[in-house]
Amino acid sequence: MEKLYTFLKYTFITLWTVFIVAPFLWAVSTSFKDFQSVNSKVTYIPWLDFEPTLEGWRVLVKSPARGGVDIVEPYFNSIFVTCTASLVSIVLGTLAAYALSRFTFKAGFVRNNDITFFFISQRIMPPIVLSIPFFIFLSTIGLLDSLLGLVVVYIVLLMPIAVWIMVDFFNRVPKELDETALIDGCNPYQAFYKVVLPNSIPGLIVAGMFCIIFGWIDFFFAFILTFTEVQLLPVKVVALNSSITPWWSLSASALISVAPLIIVAFVVERYLSKGNLSGALK
Amino acid sequence: MNLIGENITYKPGDQFHLNDVSFNFKKGNLYTILGRTLSGKTTFLKTIAGLLNPDSGNLSFEEKDFSKIPVWERNVAMVYQQFINYPHLNVYENIIFPLRQRKLSQDKIKTDVEEALKTVGLNGFERRKIQELSGGQQQRVALARSLAKKAKILLLDEPLVNLDYKLREQLREEFKRIFSEGMSQETILIYSTTDPQEVMELNGEVIVLDEGKVLQKGPAKEIFENPLNLKVAEISNDPPMNILKGLKNSDNLNFENISIKSPKHFKNLENQNYNFGIRASEIKLDENGEEFEIELAEISGSETLLHLKKGNSKLIALIEEVMNFKIHQKVKIIFNSNKFYAFNQSGELVSSPYGANNG
Chain G
5 MEKLYTFLKY TFITLWTVFI VAPFLWAVST SFKDFQSVNS KVTYIPWLDF EPTLEGWRVL
65 VKSPARGGVD IVEPYFNSIF VTCTASLVSI VLGTLAAYAL SRFTFKAGFV RNNDITFFFI
125 SQRIMPPIVL SIPFFIFLST IGLLDSLLGL VVVYIVLLMP IAVWIMVDFF NRVPKELDET
185 ALIDGCNPYQ AFYKVVLPNS IPGLIVAGMF CIIFGWIDFF FAFILTFTEV QLLPVKVVAL
245 NSSITPWWSL SASALISVAP LIIVAFVVER YLSKGNLSGA LK
Chain C
4 MNLIGENITY KPGDQFHLND VSFNFKKGNL YTILGRTLSG KTTFLKTIAG LLNPDSGNLS
64 FEEKDFSKIP VWERNVAMVY QQFINYPHLN VYENIIFPLR QRKLSQDKIK TDVEEALKTV
124 GLNGFERRKI QELSGGQQQR VALARSLAKK AKILLLDEPL VNLDYKLREQ LREEFKRIFS
184 EGMSQETILI YSTTDPQEVM ELNGEVIVLD EGKVLQKGPA KEIFENPLNL KVAEISNDPP
244 MNILKGLKNS DNLNFENISI KSPKHFKNLE NQNYNFGIRA SEIKLDENGE EFEIELAEIS
304 GSETLLHLKK GNSKLIALIE EVMNFKIHQK VKIIFNSNKF YAFNQSGELV SSPYGANNG
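Sequence order for the protein chains is G and C.
5 is the number of the first residue of the first sequence in my numbering; add one for each residue after it.
4 is the number of the first residue of the second sequence in my numbering; add one for each residue after it.
Please note: incorrect hints may appear among the correct ones.
[To be verified] Keeping only pairs whose Cα atoms sit at most 25 Å apart, straight-line, the calculated BS3-like set for lysine-lysine is:
no., chain 1, residue 1, chain 2, residue 2
1, C, 71, C, 113
2, C, 234, G, 179
3, C, 121, C, 71
4, C, 313, G, 198
5, C, 335, C, 248
6, C, 312, C, 329
7, C, 113, G, 198
8, C, 329, G, 179
9, C, 67, C, 113
10, C, 71, C, 155
11, C, 67, G, 198
12, C, 313, C, 248
13, G, 198, C, 111
14, C, 342, C, 224
15, G, 179, C, 14
16, C, 71, G, 179
17, G, 179, C, 155
18, G, 198, C, 132
19, C, 132, C, 113
20, C, 342, C, 267
21, C, 67, C, 153
22, C, 14, G, 110
23, C, 155, C, 132
24, G, 110, G, 198
[As the list claims (entries may be wrong)] Some residues of chain G that are not near chain C, with every Cβ distance over 10 Å (derived):
no., residue
25, 118
26, 121
27, 208
Keep in mind that the hints were calculated from the coordinates and are not lab data.
This one's a predicted model, so the numbers in the text were calculated from it and none came from an experiment.
All C-beta atoms, glycine included, are put in the ideal place defined by N, C-alpha and C.
Just chain C, same shape as in the assembly (with noise of 0.2 Å):
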């Protein structure tokens, strides 16, 4: 009874927007796909609703051939980043249209849209036109008329992308909340995003996309702390992991003329050259640290990005308050060396500081 895809590819051109992916999803869960701008997640989505047929590969729902029923009589809803409403209906019929095309009983319709008018916190704009509504309203407008559709399948493809930051705060926490409260345990919601922050909030089953491809599949935890390769790692963080090429011998990591004591977890490496991760949020300000240089500070809500340079080194730090630096001033930094990522030469992750693939 589940969705299933199996090495669904399409390739409209040159480019892979789908390349051999495959999934299995459950009813009542949550799925979140993770990946940059043209990763191919609108596609992903669009294949699944029926609005883009797939060079090859199988969709299957329910047990029956997916590829076989037309987008209208899928019973899936979508919402796109745009803000798509029916701008020649006010908000009330924006969210009737779809019931009213299944022809539901009038009763049905009434207490449905009721419903997720409530859910999405729109109840008494029901007579308003679209053009008078904010972004966000719009946003819930839309949010609104995919809930009341009940359907079994339900598609985010970014939807917060186009509001502005406290909107989207406000709006992912709201989503959390219909998620875990309004949807049917016969729903399955996919909701792709390019920020993973939205995806370790949503706690999902996480699917990370990249040219069409899928990198990697698993919780969102999972991904956190295991990132199969650097692709994943620099696409499921913000700012992304950075990544530091060097030697391990047998106590210490050195790069760019920085020697760090070895971390416990590396102990079971061999002694060669690796690729070091390390967050951004793990490395901290020191007097006593290694010397870097600031290319530029930018100030973002109450944190401060330090973009900084080592001879061929480049890194990105996350300091937890605002300070105010000159570039190509000189600071010292140190790394908090339990959380160092290993990967090999090929990019595959070989020491994690969470505990897989330890030695």
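The shape of chain G in the complex, shown without the other chains (with noise of 0.2 Å):
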């Protein structure tokens, strides 16, 4: 029973394992095709069923002028506005969930949970919904098709994660520990710096991981709000689909698009495995 247990789980673990990587193996395999090794018969393994070549790369850097497709400056672009306003909105989201957490508000029938409610409410909305707004918003105030435009959008729709998350966290760090800091000679302030927040690293990992990963992976409100003056990841890669479709070019910026997700899940991972995310509190 024990060993048909074994055999049932690493025979999922190996499916599952498949079913992920393997996309990702294709992509990598196409990136280095051209249009005959794509087109001619089912190829995989590059030098023994196709040449490689770095066709699909080198049009990602080429200029526009030159036949390519510039996914250089929009690559930067995105990981300007994606840690701009991730870190924005765990700076202000932190504070918010701090005082959410600690501090008891009451306006008319408002209350704590209300306003955390309220944070969150902005994301159940359909972000079609939202469009709208934010388009007069930013063309009123003049930062339509901006990056500046852009990280402001994104702080509204990552603070909220950012505030969830650590409302969440600081609920579970001991009230006491606060009041030990604050008999130990912290006024308010530096408790909060000083003690609770050197303890809630974890939190802020998580809560910044995820606002990464949502405003990295956003296209709707870059294809939206942006036209000609700046471009973000996304939308350029869709960009790239033309009337014949350059799977070794699309495979390419598929794989740059997501390396950074995959160099956070990594740092993530290696902290997380750590054992200082539950352990850290009782």
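Could you fit the two chains together into a complex? Lean on the hints.
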């Protein structure tokens, strides 16, 4: 019975791994192909099945004038917008979450939980509902088709995630920890950054990870709110698709798009495996 | 120069957490707050620390209005029943944390920390992480942090309650030693607990608290010998004092068809109905005694607790040996009548075997 269970478990894990990894391998293989090797016959292994070429990758850095699609600038645009918006969201979100977790707010019928729900409700609405107000808002303040405008919108989208995760995290940090810090001579601000914050690093990392992921993969708002001046990576990748689907450069751009997320995942995984997330506070 | 509280009341919702509490704590003394869970002990300590603002009343220390001074400037120390330390710091960093906040000189910090670690028996553990320590050791770190601060007011909120039995006994012994040796005459020590035995062993001034109200104040011995009313008798004894409703006539105490010769210290009491109180330890098994039925028998350590029933009366007897009983078995017991208390119908003490209020 035990052996059967182990067998089934490993079979499942193997199948699942294949399911996840196979598209990646397919994309890696395809990114080194050209028109001919894609269309001739079914091929997988470079050198054996087909002659590898860097054409798919070269297109990505060539300027449009020379027949390429320059994704370098959109790439750095995406990195800038995602990181800036995530950072601001984490800083503001953490402060908001701490206040919501530790202090009692009353305004009419509004209580802490209502405020927390207000933050989350921003994510409950379908994006299409938000797109028109965002569009009008950005065009009114003249930030349409600009990096700053995108940062502003992304903060609105990402901060609820940060608040949600951090409220939950702070609620699990015993209030007595803050109180002990106060008794030990910290004023409330010192108690926050000397005691509560250093013990919240696991929560900050998780919140940061989610912000980066959700910021990085957004296509919809990047598509709606930019035209020619500024482009973000997801929009540019989709724009690659013309009358003849260039599978090789699409694969290359897909791989380079997920690369930052894979790096984030590895960093976070290493941190989580240290066991600091759950063991820090009982 | 004392810590004085006057008519402090705190009522956040429907229930009083503190109800008109007044006290006058002198430096160099140990005060124990005795009360059951949710009796307001933690509120009491948090109010002194400044973590809670009472609705009304005055709190002053060294002739200054304490309510005007924020927590972080009060120079108090507090140990919680949960083992609260700074998880991101090691043992040494935990203990110097409050000293660093006060910007003391490095040399002073070093000697203070070493002294505190030695007092709680944790020298050699300086570089350990908090998570690597057992519950008892974590609580020692918290205590060391409080001691190293040399705060003028040291608050301990049920510091032993979350420890296992053996460790609790051991740490309680050490507390007694630390309190008698390690404390300066400048410190007011306030210790809250639910455990009457702890109160008796620490032997300080006791405040019995119930539903936020002070029921009795006095030395531990006084609380033990002359509990002012039924509530105090219940709270200050573990197991709670047995209360038997009965009638006293000229020679006898009568309850549940039992008649016992009235003890000498009752001779001046009027003949009427009383609540007679007797401690569990003053009841013995005896062939010539009264028959009771066993409802439950618990063995704890080297003792057996018998929950007995007869008619409407229930009582608990403490037998000083481990014995096996069956439930619903009948046993015969006698009462040590010299140790009977008498409380009147409204629950106030009217006669004690230790002399107060006799007649």
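Within a Cα-Cα threshold of 25 Å, do residue 67 (chain C) and residue 113 (chain C) meet the stated pairing?
violated (31 Å)
Non-interface label on residue 208 (chain G), tested against every C-beta of chain C at 10 Å:
About 13 Å separates residue 208 (chain G) from the closest Cβ of chain C, which puts it past 10 Å; holds.
For residue 179 (chain G) and residue 14 (chain C), compute the direct alpha-carbon distance and say whether it is at most 25 Å.
Measuring from Cα to Cα gives roughly 20 Å; hence the hint holds.
With the threshold set at 25 Å, check whether the alpha-carbon distance from residue 342 (chain C) to residue 224 (chain C) stays at or below it.
holds (15 Å)
Distance rule for residue 121 (chain G), whose beta carbon must clear each one in chain C by more than 10 Å:
For residue 121 (chain G), whose nearest Cβ neighbour in chain C is about 24 Å away, the distance exceeds 10 Å, so it holds.
Is residue 121 (chain C) within 25 Å of residue 71 (chain C), Cα to Cα?
violated (36 Å)
Could you grab the alpha-carbon distance between residue 313 (chain C) and residue 198 (chain G) and see if it respects the 25 Å cut-off?
Cα-Cα ~61 Å, so violated.
Given pair status - residue 267 (chain C), residue 342 (chain C), alpha carbons within 25 Å
Given that 25 Å is the threshold and the Cα spacing comes to 10 Å, the pair holds.
Given the hint that residue 329 (chain C) pairs with residue 179 (chain G), does the C-alpha gap stay at or below 25 Å?
violated (47 Å)
Given the proposed pairing of residue 67 (chain C) with residue 198 (chain G), does the C-alpha separation stay at or below 25 Å?
It is violated: about 29 Å lies between the C-alpha atoms, which goes past 25 Å.
Satisfaction of hint between residue 132 (chain C) and residue 155 (chain C), Cα-Cα up to 25 Å:
With a Cα-Cα distance of about 28 Å, the restraint between residue 155 (chain C) and residue 132 (chain C) is violated, given a limit of 25 Å.
Compare the distance between the alpha carbons of residue 113 (chain C) and residue 198 (chain G) with 25 Å, and conclude whether the hinted pair is satisfied.
holds (21 Å)
Hint compliance for this structure: hints 1, 2, 3, 4, 8, 9, 11, 23, 24 are broken, all remaining hints hold.
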